[in-house]
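Protein chains in written order, with the numbering used here: chain X, 1 to 321; chain V, 1001 to 1321.
I should point out that these hints are in silico values taken from the structure, not numbers from a laboratory.
Please note: incorrect hints may appear among the correct ones.
[As the list claims (entries may be wrong)] DMTMM-like cross-link-like pairs, simulated, lysine to aspartate or glutamate; straight-line CA separation at most 20 Å:
no., chain 1, residue 1, chain 2, residue 2
1, X, Lys160, X, Glu209
2, X, Lys74, V, Glu1289
3, X, Lys305, V, Asp1306
4, V, Lys1043, X, Glu58
5, V, Lys1160, V, Glu1132
6, X, Lys116, X, Glu85
Protein chains: 2
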Amino acid sequence: MQIARRSLIGLAATMVGSSALPNFSKAKAPLSNAQNAGFYHYKIGDIEATAITDGFAERPLAGFIKNAELVDVKAVLSQSAMPQETLRIPFTTTVLNIGGQLVLIDTGNGDMGSPKSGSWMANFKAAGFNPEQVDLVIFSHFHGDHINGYRLQSGVSPFKNAQIMVPSIEWAFWMDDGQFSRSPEGMKGAFANVRRVFDPVKDKVIQYEAGKEIVPGITSIAAFGHTPGHMAYMVSSGSNKHILMSDTTNHTALFVRRPEWTVIFDMDAEQAITSRRKMLDMAVSDGAEVSFYHAPFPATGRIVKDGSTYALVPTPWSTVL
Amino acid sequence: MQIARRSLIGLAATMVGSSALPNFSKAKAPLSNAQNAGFYHYKIGDIEATAITDGFAERPLAGFIKNAELVDVKAVLSQSAMPQETLRIPFTTTVLNIGGQLVLIDTGNGDMGSPKSGSWMANFKAAGFNPEQVDLVIFSHFHGDHINGYRLQSGVSPFKNAQIMVPSIEWAFWMDDGQFSRSPEGMKGAFANVRRVFDPVKDKVIQYEAGKEIVPGITSIAAFGHTPGHMAYMVSSGSNKHILMSDTTNHTALFVRRPEWTVIFDMDAEQAITSRRKMLDMAVSDGAEVSFYHAPFPATGRIVKDGSTYALVPTPWSTVL
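Build the full structure now, drawing on both the sequences and the hints.
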């Protein structure tokens, strides 16, 4: 023990003021400089779900919410240990393996997103999947961050074998020539993009309605307002349920806490608020696990009532399935 | 559009009552049946930290806390969306790359833990490290789930090139023959295990005291009570700080919310409560990010005051470093 104490003293004396640990290094370890692959598996009964991150977009916080003071927005973000100048909006898609059938709910940004997005395909492959295995792609709505992964800038779709399901109201709105021509200049790009993605397959898409079991285990839920036909889903297997909230919130840290706040992306603000409250109440009353497209990876949790508002409690990461 | 609608109707009709999606599958996707590798990188200034999970131990909730009613314990767990019959206690060690020097804070269960632990080495390697690269192992305290990874059942240590630092009070307690012989029967195994791990290197360990910068960037903090010499750490680089809380709590979901509760593993319950409050208050007043050995992976977050108690707000998973 005396020897050990002397070693400590010598060590401490040597190291004060030095920038490295002397005599410690045998093989200098390189920095990793890249994060772990962004996929996370979880079970919904017999269904194997996989959260796949497509990275994030960074936006100035100012101007993001239409009906709140910036100081109040920052106060809510601070409750979630998040930076308060710029907002990171994460993208998390869901893959469902239902009896060996591979179903995607939305496809991420593809190669047309913000600089910190675009990692979807790498993470999807890291999870052990390949795009040819995808049997079905279900779209929640037609914003670019949900559909651009289906068709790359080159015009090619990675999902050669997949059928496509789209909300009927969403399809009717965005594919209507009158809506396109009457839309404000700022929205014409979004209309054009929907056509870029879907025109090559427009005779093959399968439209679906709200409130139907659109495939076994997946029931669509009307969550209109964010876009005209925006859908959420109840995924169930046996007695297990999971609610895919889609864009019920544009960031859980903000709009779960303050469902009455309106994001610039909600096309019908009042309808979106109504849908948001409906979905959050459903999550509370069902006690179901939920996931959000725009929540920090892996984006799963439960909604609890917290006084007059709500909170998202993340599901503890499980190392086993 | 009429064609699409007919397709939907046909599809729905076909699928009701069937267990798979007819005509969808081109290549049956296998279930993954295993979780993503359990490592997560984050920066503390110039230091690259990596959380490595060693899985978890599952315990009956009953009897885990000495001074609380089971119904109250379950109520707190339900706030964290956790099961309420058995408790999963996660193990998350921290790797610090400080200027190319690879430092471990504790080593996990090795091959002597519970059935759902023991994944540490696989996750460590998946993160791109190998055990020969480890320059230094710093132990927080001498419970088996922190030290057994240092020496496998075979007697071999995977960390051939690593120096070893241990808390001086911890060393004095567990290595003292009088303490060993006077200890109750139920603790003799723990004493024997400490000697199994450290006897082969007992002339080489470097002892350290509380409240010292034991290597550049890592300052030890006295957090006694859980064990006699139990240590936490302040890791700092430039103006960035991160507090490694070690076993300040035995599960964040319980003891951050209720720091006055006493776990069966706290050797001096009153001292442990005092240390717990001190560490939680420090985390609040410093505003520093924290990590806990026994928090759900990746075990990082911030401590906020929540009325008369505390809450751990997990750090949003970042897809970039």
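Right, here's what the structure says about each hint:
At most 20 Å may separate the alpha-carbon atoms for a hinted pair to count; X:Lys160 and X:Glu209 exceed this at roughly 25 Å. At most 20 Å may separate the alpha-carbon atoms for a hinted pair to count; X:Lys74 and V:Glu1289 meet this at roughly 18 Å. For the proposed pair X:Lys305 and V:Asp1306, the alpha carbon gap of about 16 Å is at most 20 Å, so the pair holds. Our distance criterion of 20 Å between C-alpha atoms is met by V:Lys1043 and X:Glu58, whose separation comes to about 19 Å.
With a C-alpha separation of about 6 Å, the suggested pairing of V:Lys1160 with V:Glu1132 holds against the 20 Å cut-off. Using a Cα cut-off of 20 Å, the hinted pair X:Lys116 and X:Glu85 holds, with the two alpha carbons roughly 17 Å apart.
This entry does not satisfy hint 1, going by the numbered hints stated previously; all others are met.
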